[in-house]
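**Student:** One letter stands for each residue in the lines below.
Number of protein chains: 2
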Amino acid sequence: MPRINFQQQLVALKDKLLAMAALSQQALSLSLEAYLTGDMSLCDHVKEIEAAINTAERDVDEMAYDLLAKEQPMAIDLRFILSVIKINGDLERIGDQATNIAERARSQKDFPQISLPIDIPDMGEKVGVMIRCAIQSLLEADAKLAEHVLVMDDEIDDMNRAVQAELIEVMMQHPMVSTQALNAIIISRNLERTADHATNIAEDVIFWVRGSDVRHKFSLAQAE
Amino acid sequence: MPRINFQQQLVALKDKLLAMAALSQQALSLSLEAYLTGDMSLCDHVKEIEAAINTAERDVDEMAYDLLAKEQPMAIDLRFILSVIKINGDLERIGDQATNIAERARSQKDFPQISLPIDIPDMGEKVGVMIRCAIQSLLEADAKLAEHVLVMDDEIDDMNRAVQAELIEVMMQHPMVSTQALNAIIISRNLERTADHATNIAEDVIFWVRGSDVRHKFSLAQAE
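Chains as they are written, first to last, in the working numbering: chain A, 1 to 224; chain B, 225 to 448.
Incorrect hints may have been included.
Computed beta-carbon distance windows for the label pairs [said to hold, decoys possible]:
(1) B:P336 / A:D119: 15 to 25 Å
(2) B:N229 / A:S41: 52 to 62 Å
(3) B:E349 / A:K47: 11 to 21 Å
(4) B:Q360 / A:D66: 24 to 34 Å
Partner residues aside, some chain A positions facing chain B, computed with beta carbon under 7 Å [what the hints assert, rightly or not]:
(5) H45
(6) A69
(7) I76
(8) M171
(9) M172
(10) P175
(11) V177
(12) T179
(13) Q180
Within a straight-line C-alpha distance of at most 30 Å, the following computed DSSO-like cross-link-like pairs (lysine-lysine) qualify [said to hold, decoys possible]:
(14) A:K47 / B:K310
(15) B:K310 / A:K126
(16) B:K271 / A:K126
(17) A:K144 / B:K310
(18) A:K86 / B:K240
(19) B:K310 / B:K294
These are calculated hints, taken from the structure and not from any lab test.
Small disclaimer: the values here were computed from a predicted structure and weren't measured.
For each residue, glycine too, the CB sits at the ideal point set by N, CA and C.
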């Protein structure tokens, strides 16, 4: 019964991708915690997770390539495996963004902690929800939920722009905190990039479920 | 003779990817020119090219998916098609970086042009060379050339770090030019990201040519 075996392999592939997603999410939340608390041991932890992510990325890709080469899947299964390969790449890049944030946290530690008129924790929380929704939409083959992720991305873009405008003002008024303000601007951009990766994942889920290419076609009207 | 037809389709796929690469490279060089000259008509041009890139990305993906579904290629051809799908994504993201640079150029135009102690044209030139080498390594199935791209990436990372350190100093000394300095910092980061995409392309070429996964394994020692 080779096809039953094939379905089992698809489930195993999905499980591997979920483990990869968990690592990326954990790296992101720890890197933000490092930035917000100044606890540098968390930066080391992020670095370890990044190594695990890189291994997991290779494993997922190899498994997907093996399935393509040996099973020559058709239609919906083919689209699923191609989506997994792309989602895998986005999860790895979320790990990269977390590493960037951890680096900012580290470079911040020699400067006085100051209070800035922006809300990174809120932004981080929203981006975390986007990733969770994107992964859940994959698990449940839920294109509607994936579309919701695309809508949330607009909100993060707005938040990132607002952060930047606020902090430019801070820099001009208080040049001595330029480093801290720049760190916050760059972390905000890292979060905005992370949201883009969640959006890519959601688009891939829609591609898999609906079989149509949603990229560059989505508008708010479709989401409602 | 279906296999001859298949080889022709692979050549057509490569040609489509090359057209996509040309668009991405053009978008990047025009966006930098817009930033350096202040010619805003170039920003409109970048926007048009970005639309063309998005269309080209879909075309390449559809053609690759069709080949996978209908021809069920094996071994080296399978790896080539999977590499094309990944390279396609990286080229599209180079287009996104160009769009970001063009946006910076536009936001810059209401501020006095100032001279900053950094060399964005040189950095842009080097990143352009990286993209060209990455694409050439694909055309010529040249893994050695692709490895050279991986080495160049380290240089761009160093340049980006130096730009940032220089411009933080500028911001602290001259807060009134914080906006211009921040724009330059972000453009430098956009170039660094672009170099990362060129690196991804080179890694995919190595994967295709050598059949091994070079990602996260590369060290300078191997390149020499």
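**Student:** Tell me, which hint numbers fail for this structure?
**Tutor:** Checked against the structure, the hints that fail are numbers 1, 3, 5, 7, 11 and 13, while the rest are satisfied.
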